[in-house]
Structure formats: C-alpha cells, structure tokens
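*Asks:* Spelled out, the chains give:
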Amino acid sequence: MIDYNPKNWWKFIFYFHKSDTFSKLMPAMLGIAAYTAIFAYVENNILHYVPIRNPLTVHSLVGFVLSLLLVFRTNTAYDRWWEGRKIWGSFTNNSRNFALKLSTLLPEGHTSRETIRILIGNYLQATKDHLRGKAKVDHLTFTATYNEDYYKDHKHIPNRVAKALYTEIYKLHQEGLFNLEQFLALNNELSSFTDNLGACERIKNTPIPVSYNIFIKKIIFIYVFTMPITAVLEYKFWSIPIVTLVFYAFAGIEIMAEEIEEPFGTDANDLGLDNMVVNIKGNLLEIL
Amino acid sequence: MIDYNPKNWWKFIFYFHKSDTFSKLMPAMLGIAAYTAIFAYVENNILHYVPIRNPLTVHSLVGFVLSLLLVFRTNTAYDRWWEGRKIWGSFTNNSRNFALKLSTLLPEGHTSRETIRILIGNYLQATKDHLRGKAKVDHLTFTATYNEDYYKDHKHIPNRVAKALYTEIYKLHQEGLFNLEQFLALNNELSSFTDNLGACERIKNTPIPVSYNIFIKKIIFIYVFTMPITAVLEYKFWSIPIVTLVFYAFAGIEIMAEEIEEPFGTDANDLGLDNMVVNIKGNLLEIL
Amino acid sequence: MIDYNPKNWWKFIFYFHKSDTFSKLMPAMLGIAAYTAIFAYVENNILHYVPIRNPLTVHSLVGFVLSLLLVFRTNTAYDRWWEGRKIWGSFTNNSRNFALKLSTLLPEGHTSRETIRILIGNYLQATKDHLRGKAKVDHLTFTATYNEDYYKDHKHIPNRVAKALYTEIYKLHQEGLFNLEQFLALNNELSSFTDNLGACERIKNTPIPVSYNIFIKKIIFIYVFTMPITAVLEYKFWSIPIVTLVFYAFAGIEIMAEEIEEPFGTDANDLGLDNMVVNIKGNLLEIL
Amino acid sequence: MIDYNPKNWWKFIFYFHKSDTFSKLMPAMLGIAAYTAIFAYVENNILHYVPIRNPLTVHSLVGFVLSLLLVFRTNTAYDRWWEGRKIWGSFTNNSRNFALKLSTLLPEGHTSRETIRILIGNYLQATKDHLRGKAKVDHLTFTATYNEDYYKDHKHIPNRVAKALYTEIYKLHQEGLFNLEQFLALNNELSSFTDNLGACERIKNTPIPVSYNIFIKKIIFIYVFTMPITAVLEYKFWSIPIVTLVFYAFAGIEIMAEEIEEPFGTDANDLGLDNMVVNIKGNLLEIL
Amino acid sequence: MIDYNPKNWWKFIFYFHKSDTFSKLMPAMLGIAAYTAIFAYVENNILHYVPIRNPLTVHSLVGFVLSLLLVFRTNTAYDRWWEGRKIWGSFTNNSRNFALKLSTLLPEGHTSRETIRILIGNYLQATKDHLRGKAKVDHLTFTATYNEDYYKDHKHIPNRVAKALYTEIYKLHQEGLFNLEQFLALNNELSSFTDNLGACERIKNTPIPVSYNIFIKKIIFIYVFTMPITAVLEYKFWSIPIVTLVFYAFAGIEIMAEEIEEPFGTDANDLGLDNMVVNIKGNLLEIL
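Protein chains in written order, with this note's numbering: chain X, 1 to 288; chain H, 1 to 288; chain A, 1 to 288; chain C, 1 to 288; chain Z, 1 to 288.
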C-alpha cells in the first residue's frame, strides 16, 4: 500500500508511476489511438463519408448502463478490499487480546510465554504468505518443539500453526494452569483467528461471478471499438484523443476494480500486510 | 464455480463458452437481428419513410430508468450470492469449531468421535443435495446406528441428520461426559448449523418479488421491440447490429442476475459447494 | 407469495394476471392514452402547431432525478420486504430452538410439553393475523387453561399468548424443573419472540415518510400530464403509445414499491406467511 | 408522524396540506416564476435574442451530478430516520424486558415495583423532551424520593433519571434481593437505555457535514437561477412553469431530506414519539 | 465541527467562509476562467472557427461515469466519517459503563477511583492527540504513579495509558477486590477501548486506494481542460462562467470527500472531538 496525501492535486494529475492505471493502460491506449486514426483517415479522406446527426446517441444509451455496471463492480471490489482491511484490523486486536489474557493467566517467566508469542507471530506470517500464494516454512521462527520438521511436508501452514497453538493451550490446561471455562474461552479466541483466515480465503478464492467479468470486458470492447465508426465523421482527427480517453475512463475503472478486489497481494493498492505483521509482532513482544 | 484470472482481457473478450451469457442469448439475438432487418428493409426500401430528428429520445428516457432497475436487480442478486457464500464459510468454520470442542471433551478413541465426524459430513452433504433439489440417501455415509433404514422414508434429510447429532450429544451428556453448561453450549453450536440451513432455504425459496421479474422483462421486451421502428430511419441497416447489441446489454444483465440470485446450483456462476463439502470432510478427518 | 421460475421469459412478457402491475395500471393507462390522443388531435389537426426542436429536453432533466428517486423508493421498500422475510426466518429458528431446549429440560410426557407447543403455535398464528389487521381468537387452539375466555376481550392477542408462555415457564421454574440461569435463558428466548413481533410492527406501522410518497406521485403526475404538450408536435399520434408506456414505466415502479413495502399482507408479492406458520407448527409437533 | 394509506394516488396528487413540500416551497416558486417571466419578457420582447441550439446542454451535465448528490443526501437522511425508528423500537423492547426481569425477581407488592415503573416512564418522557430541545421537569411523575427537588437544577434530566434507576437497583441488591450476577445483568440492561440515548443524541447533534449542505444549496441556486437565461429563448413564456417545476423537483428533495434527517421533532414526517411513550407506559403498567 | 441550522437556505447560498468549498476552490476557479477566456478569444476572434453541432456530447458521456465515481467517492468518505462518529459515541458509552461498573465494585473513597478516572481521561485525550498527529505528554493529567516520567520516551502514548489501566485493574484483582470473572469482564471492557482505537487508526491510516484518487483527479482535469475547446464555439464568452461552474461542481465534490474521509482533524467538517473529550471527562467526574 502506498501512503499518500490525498489533497495533493497537481502531483496526482501529472503522476505517471509504473503502477498507475494510466501507465498500465498506455499500450492499449496507443493501439486504440492508431485504430481510430485509421478510421478517421479512411472515412474522411478516402471514402468521403458525410457526417450524420447525433453520431453518439447509441453509445450514450449503452454508456449509461455500462457506467452503472462499472460502479456496481467498483462497489463490490471496494467492499472486499475494506472487509480485508477490517479482518486484518481484527487480527491485530485479537492477537493482542489473546496475549493479554495469557499474560494474566500465565506466571511471569513461564516458558510457554515465549513459545506462544512465537506461534502467534508465525500464524500471521504464514497467513500472509498463504494469502500471497504459498506459505514458506523458512519465513517462520522455530522453537525447540515446533521446528522445521514440524512444519515441512504440510500444505496448509497456517492450520499447522493453529494446531500447535491449540496443543500448547491444551497442555497448559492439563497442567492445571487454568480451569475448563478459561480453557474454552481461550479456545474461542483461537477460533477467531481461524475464522479470520477463513474470511480472507473467502475473499481471495471467490472473485465476482465470472459472467460479470466477461460481460463488462465484452461491452467495453464493443463500445470502444465501434465508437470510431461514427465519431470520426463528426470529430475528424479529434476523435483520436476522444476515443482514447473514453477508453481510459471505462477500462481504468475496470482495471482498478481488478486490483483491489483481491487485496492481499503486493500491488500498489493492496493492503500493507508486511507492515501490519511487523507491528503485531512488535506488540506481542511488549506484552508476553 | 469457474476459477479464473480476472485480469485476462483478451481471453474474456473472445470467450464464447456455452455457459457464457453471449452464447445463451445468441438465438434471441439472431431473432432480433432478423426482426430489425425486416423493419429496415420495409421502412427504407418499400415505404421510403423520411428520417426523423432524435429518433431515440424516448428510448433514452426509458433506458435510464430501466438501467437503474437492472442495477437494483443486480445488487439484490449479488447480495444473495455473497450471503450464500458467507453461510457456507460459516458452515466450514462451525463444523471445525464443533469438532475441535468435541475433540477436547471426548477422550481419544471414544467411538462417538467417528460417528459424529460422519454425521457432520452427512449433514453438509445432505444440505448441498437438498439445496440442489433433493437430498439423496445414497450420497450419505452410514454407521451402525444411522444406516439406510434410519434415513429412508424421510423427506427432509438434513433435519434427520441433525436429529441424529442431537441424539448423540444427548447420549454423551447422559453418560456424564460433559456437564449441563457444556451440553447446552454444544446444543448452541448445533443450532448454528440449522440456522445456516434456514438461511440457505430462505435465499433459495424467496426469489425477488415476482412483479419485478415480470416488469423488467416486459420493459426490456417493449424497449427492444420498439427500437427498430425509428432507429432504422436514421441508421438504416446499421441498426441491425445496434439493436442486437442493445438487447445483449440489457438482457445480459437480467440473465446474469437470474443465474446468481439462486447460488446453490451447478451453473458456471454458482458457488463451488462440491469442493467445499470435500474440504470440510477432509478437515474433520484431521480433527476428530 | 407466488412461487415461480424466474427464467421463463416468454411467460412473463405475455403474462397479464389480475395482480400484475400491467393489469393494475390498465385503467389509468387507457385514460392517459385518451388524454394524449386529444392533445395530438387538437395541436396537430386543429391548431396546426409547428414542431419544436428537442421536445423532451426538460422531461429528460426531470426524468433523471425522478428515476433516481424511484430507485431510492424501490431500495427502501425491498429492504423492508427482505427484513420481514428475515424476521420470519428467525421466528422459524427461534421456535424450533426454544422447543429443543425445553424438550431437553422437560421429562418425556410432562403435560406442559403439549401446552407450550400449542402456545407457540398460537403465538405465530396470532402474530400473522395481527399483522394482517386483527388477530382472531377462533384461529387459535385452546387448552384447558388458555381457552376462549382467556383470550377474548383482549386487544393485543400475541401479547396475551406471550403472557401465557411466560406464566408457564415461571410455573415450571417454581416446580424446580430448571434453575434460575436456565429460567433466565428461556426468558431470553421468549424475548426474542416479542422482539421479532416488535420489528414486524415497526415495518408495518412506519411507512416511508409521507412527504416522499406525495412528492413522487406529484412528480409522476406532472411529468406524464405535461408530456403530450410537446411530444405530440414531434411524434404525432405515435405519442399515444409513447406517453402511455412512459407512464407504465414510472408508475409501475411506484406501484410495485407500494406492494412490497408492507410485506405481511396477502398480495401476490407478499411473504408466504400462511405456509410458514403451517411449517413451524409441523416442526413443533415433531420436537415436543 | 402522519399515518396514511400509501396507495391513495389521487389524494396525494392534489394534496396541499400546509406541511406538504409543495406548500412549503410555494413562496419560493412564485418568486422564481416572476424571475423567469422577467427574463422571458426582456430577452424575447425587448432584446429580441435569437434562439440557440441545445439551450439546456450544460444544465443537463450539471443536473446529473446534482441529482446524484441529492440521492446521496436522501439516502443518508433516510438512514438516520430509520435508525432513529429502530432505536425507539429498542427502547420499547428494552423497557419491557427490563420490567419483565424485575417482575420475576421482585416479590409481588414490593414498593420498588411502582418506583421503578415510574422511573422508566420518566426516563422515556425526559428523553423525548430532551431530544426535542429541553426536558421539562413538570412532564415527569414524582415519587416520594424522586420528587421535583430531585430533578430541578439539573441540566441533563434523562441522566438524572438513570442515576435514580441505578440507585434503586443498587439498593435492592444491598437488600439481598438478587445476587451479584443478576445485579450486573440488570446494570447491563440499564446501560442499553443510556446507549440508546447516546445514539439518539448522535443523530440529533451530528448533521451531515456542513460543506455538503452549503454545496447542495449553492448548486441548486446557481442551477435554477441560470436556467432562464437560455431557456426563455427556446421555450418563451412556457419556461415560467418549466423553471418553476424544475426548482420544485430539486429543492423539494433537499427540503424533505432536511425534515427527516433529524427525526425526533414534531414535523409531519418525524417519528411518532408521543404515541410510543404512551404505549410503553401502558405496557409497563401491565407488567410491573 | 460547525454546528448549524440545516434549514437556513439564504445564509448558505451566500456563505463564503474561508473553510467553505467555494472559497477553497476560488484560486483554481479564477485560473480556469482565465484559461477559458483565452480559448474563447482565440477561437472566435482570431481563428474564426465555426460552431459545431453538439459540442458537449463527449463530455456528456464521460461526465456520466465521472459523476458516478464521485458519488462512490462521497459514499465511502461519508461512511468513514460516520463510522468515526460511531466509534467516538462508543468511547463515550464505554468509558461511562466502565466507570459505573468500577464504582459498584470499588468501595467509596478508595484511592484507585481517582487514579482510574484520570487514566480514562488521559486515554481519550491521548487518543485524540494521537489521531491528530502526535500525542502530547503535557496534555495529560499526572498522578503520583503515572507521572511525566512514566509517559515520556514512549511513542504510542494511548497504549502506554492502556497499560497503566491494565496494571491498576490487575493490582485491584490481586488485592482481592474482585474475583476472576469480574476481572476478566473488566479486561474485556478495556479491550473495547483498544479495539476502538484500532478502528480509528484503520480509518486514519487506510485512505481510499491511491489509484482512485489519481484517477478521479486526472479525469476531472482532462474533463475541465478539454471543455473550452468546443464549448467556446457554441457559448462564446458565456463559456467562461459555464466551464468555471462545471469545475466547481466536480472538484467541489472531490474536495469535500477529501475533507471528511479523515474525520479526526480540526477542519470545519471534522468531528468535534474536543467537545467530546471534555464531556466524557465531565461524566467521569460525576460517576467515580
């Protein structure tokens, strides 16, 4: 995630970073400009077509419903992005609350304090990697019991860490350090971790229904590629920037929605998971 | 559900899978093209009508309110689809949490562990089949007690499985394996299963009010079938692709909404319940 | 509520059931057609007005804001309808859960089992009748204690049934059948019944603020009745179907919103409360 | 709040009650009609300007974004209104549940029953008055302990009543009538009263950010007052009703949003708090 | 936050406070007026271009999707603003409820009453300052134990205050003033403070994805700066106010969204945190 000052107009207007929508669409925009130029030349200079009235009436009709669909697309993508952000805010709060409860129940200096602190950190680290494709064992911190052997050859590393956490809590319960009610309460806290992971996986694995994706892309394509046919009669070579910028407006919204609908990656618009994991680990170190 | 890469533009623009909206609408689109062609020929070549100004003004007025209605339709359909997805995410979490609690309370090797694991799997299997029309007894796994005889001749198989689960929990409570509070807590977990099923049935059995369905279809019909009357005067034979594509834009949105508003089927856009049930059963096997 | 297959296009396009919006608006549509015909005849054939350019520009401006208001209206009406559906889903779940808890706590064959089963059924029956105007005592099932005399001469029958349920639970608590915590838990379950009833009454008794209702109807009226003034100059007698269908589009949306915003009646679009009450009573019979 | 039948079209179309939006805007509408008439006379009859093409293109561009802002305004205002309604529904339920719990815990005939019943009634009465400007001591019912002296010279009367309720509950706890858990549970119920009051105050004291209010009013003003400049060239004296009605459409939506965004007053669109308080007091009398 | 009467139309229409959107945009508006004037002079008086038909058709197409994006922007910004308001309403309620519970559990005159009251006040004070950039130690009230030394050299002052609160509660628990259940309940109340802080930080640190910010500003820029090219042909020097006001409408909505999306500052539209903190401190003084 890029941290930025939203009030800086000039910078943004003339900002052409490589991760910017404008830059991403540049090759396609050049292609469409060339395509429109050919139409403009052929219709005006070779075939000498005469202008028609209201050359864009039909595009106006369809542009309306396309705009509304793009806003629907943007809203659903943003909702996923914001839900992802809330889930990671919940990870932050839950890990701290879980640690605070344990720090009350466990005597100072008990060896499990460090183990559990490391395991929570591992859980979040593994979750982040898992959401970005594949959890990597060598990103984890090992303890005597939960070392490389414990993790390797397992597919779903976050669940493996969760199992270790459950085992530790169960062991402490067996040692009589907390009674059944407290044990079940801590179990519930752990459940909230796996529930959050489940919600992240839901966002990651359930994109918007494929029909909408196909439909929006098809309509944008038809819309932009039929526009020069009539537009060049009215606007001559001015239609080159016009069609290009209309394409930028519509395709840009779709591109941005694609970026944020899966918010756990490393794109400029994705959530800053790296920072969050580091912050949480720092918090845990203070508490446990 | 089809898993796909949402960023693949070219593939989607030229994608004509049989379950794609474009392919589904193809016969209707051909019909409308022919219908428009007849108008174009008759009005221009036989009757020699003269063009009118602003041939599509009225369609523009009505197209606006129709577009807004279609977005309303899309939003409500998507909300059902996403709610369905959340409910099945909740099934995943609840079944795992329920199993985890039991695995703590039941001694290792207790025979009820396997019975309950099988029953939870059956519950989800039966729910999936039930939501797709009819739960099938031969999709279930039988145990000594809950065998084919137990299920057959019952209409609502998921409720029958739930009853078996309640009975097992009650029996274990009678055996003194957990106290009243723990028994009631487990009962509450079971309630969440039946609540989820109730929510799925609500989505499945309560489509959008029939008036909206009729109204939207009527307006699309009137809109598209009156369009050639004036459009052919201005756009001549070009109105054939124009009217056809306007029909594609409006009817496509309605078709997609129809597909996702009942998300438990086996359409390309429906939720991947098959995979989810298999995954949950795998999780249970690890826990209990 | 009418159960229907949403994918049947042809049926809906040519469907003119008496409860259909089209049929309901038919008399008004005929009136507007006649009104427009008079304008068309007078302005074109008697006064011989000349056409003006852009006859519908102002209607386009106002039509936009009117369309947005109608969508606002539709969204709020649909939210009530769907909230009503959720409340009745909650009635279904709560009555079953309440019965399940009691069936665990009460010994098999205890006389209160039947009494409470009948009272829950009565509660839902009375609630349904109450929401449809007036609860009728003769729709209830009587027991020895809670017979016709108990209910008659009371205005708010559902509350009267709730009082009977509270009395029964209190009596069982006095008999020592469950301890204070269990008693309070059951009390909470009963509260959820009365909370649901309160939510239904809120939906029923709080329509959209009257200003919006007046405003939307006034704007539709002005919009449609001023349209022929200029439209007949451009579209001649074609303006008769045009104005009529524009009226159908706008008034139809308002009519549908009126129907679903109060979802507890017996209209074609209202919720199927009759079936739900029957289903719940069937479920209770199995449990208690 | 006015209770009305939403399906009565003719009544609403010709309804000009003094609290109606149309009546409220009448003086402004007359002023705008006069203003437009002056333009029409000067430009057409004195200066003899010639018509321009597309006189309202710019108004169409701006009208679009203004309409969307007005719908945003309407949605947020309606959300407050509906949230206010839900809070008062919650007051109804909570006061009844609180009374029901106490009626179980307190022996029949205990003097605190009446005191607490009066205090709850006072709380809601004082809250209503407080939300309408200033809680009035003489609207309250006094008891021996909590008489006029207790309330006078205090600014925030609802909090003063809440303190009396807390004191009573604490006293009963000291008398040993309920144990610590029950005492804390009752405390939680009381918290929900003050939480609801806090939510009402939030709605009342936090209007939509002032910038939006200024912006919308400025845009409506500019929009309507610049409209005659070009409109009179095309529509001559017909522009008088046209501009007036466009003003009615836009300003009416803003006026209605202003009315409902603060839903606790005594306007025709505000919530019927008077009735609700009377109903709740009646319910309490039956229970305690 | 500015407190205002939303019904005062004339005041707002002619209100040009320095924090008003109109005043903020004034310099940019003057620049755009000059820019348009140059186009008008050059195209009409030097180059003598002839008018084209429909000069703003393309702007109408793009203006539509831009308007929808701006409403999306406004909705998300407003949601943050309102969520921020709810969180601070929750701070108010939680601090009062926490104080009320403690005042019941701690004997009158216990020294911890004052300490905890001061710490809660410090927490909210530090949170406010923290959200506005940097918590300042000299804004806090010191006690014997938690004096300047305790706070200085720590970055995250609110967490430092929270630690003090946890320590105090833990100490009182060790002294036997409340049992484990009550201790855990108080811990949960404290968690709600840190959860609220986390939610505030989420709103503050996670602006809308940067792509949207860049995209909207770019489109507004392109939209406004290309408008004079064709508009001056039709509207001559009238296009100066026209383009300027169109810029005001679009940029104004973006500017307002920027202001409210981060609602914890000291802008005219931001939440009145200063008053809230003072009010809460006053409430605490009455209770503890």
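Just so you know, the hints here were simulated from the structure itself, not pulled from any lab data. Worth double-checking, as some hints may not be accurate.
Which copy? The list can't say, so a pair holds if one copy fits it or any two copies do.
[Claimed, not checked] Listed next, the in silico DSS-like pairs over lysine-lysine satisfying Cα-Cα at most 25 Å (straight line):
no.	residue 1	residue 2
1	K24	K101
2	K11	K136
3	K134	K163
4	K163	K236
5	K236	K171
6	K152	K171
7	K86	K134
8	K136	K171
9	K281	K134
10	K155	K101
11	K204	K11
12	K281	K163
13	K136	K204
14	K163	K204
15	K101	K281
16	K134	K204
17	K281	K152
18	K155	K236
All values derive from a computational prediction rather than experimental measurement.
*Asks:* Is it within, between, both, or neither for K24 and K101, if the alpha carbons may be no more than 25 Å apart?
*Replies:* So K24 and K101 fail the 25 Å test inside a copy (48 Å) and across (50 Å) alike.
*Asks:* With identical chains treated as interchangeable, where does the CA-CA distance between K134 and K163 reach 25 Å or less: within a copy, between copies, both, or neither?
*Replies:* within (19 Å within a copy, 37 Å between copies)
*Asks:* Could you place K136 and K204 in one of the four classes (within, between, both, neither) given a Cα distance threshold of 25 Å?
*Replies:* This pair counts as within: shortest intra-copy Cα distance 18 Å, inter-copy 32 Å.
*Asks:* Can you tell me if K163 and K204 fall within 25 Å by alpha carbon in one copy, between copies, both or neither?
*Replies:* within (23 Å within a copy, 35 Å between copies)
*Asks:* Could you place K204 and K11 in one of the four classes (within, between, both, neither) given a Cα distance threshold of 25 Å?
*Replies:* For K204 and K11, only the inter-copy Cα distance (21 Å) is at most 25 Å; the intra-copy one is 32 Å.
*Asks:* For K152 vs K171, is the C-alpha pair at or below 25 Å within one copy, between two copies, both, or neither?
*Replies:* Classified as within: same-chain Cα gap 23 Å, cross-chain 40 Å, threshold 25 Å.
*Asks:* Please sort K136 with K171 into within, between, both or neither, judging by C-alpha distance up to 25 Å.
*Replies:* neither (27 Å within a copy, 42 Å between copies)
*Asks:* Given identical chains, is K281 near K163, meaning Cα to Cα at most 25 Å, within a copy, between copies, both, or neither?
*Replies:* For K281 and K163, the Cα distance is within 25 Å both inside one copy (20 Å) and across copies (17 Å).
*Asks:* My question is about K155 and K101: at a cut-off of 25 Å on alpha-carbon distance, are they close within one copy, between copies, both, or neither?
*Replies:* between (31 Å within a copy, 24 Å between copies)
*Asks:* With identical chains, the pair K281 and K134 could be close in the same copy or across copies; at 25 Å between alpha carbons, which is it: within, between, both, or neither?
*Replies:* Answer is both; intra-copy 21 Å and inter-copy 23 Å each pass.
*Asks:* With identical chains, the pair K134 and K204 could be close in the same copy or across copies; at 25 Å between alpha carbons, which is it: within, between, both, or neither?
*Replies:* within (13 Å within a copy, 31 Å between copies)
*Asks:* Checking an output row: K236 and K171, CA cutoff 25 Å. Within, between, both or neither?
*Replies:* neither (79 Å within a copy, 82 Å between copies)
In the structure shown, a violation is registered for the earlier hints numbered 1, 2, 4, 5, 8, 18, in ascending order.
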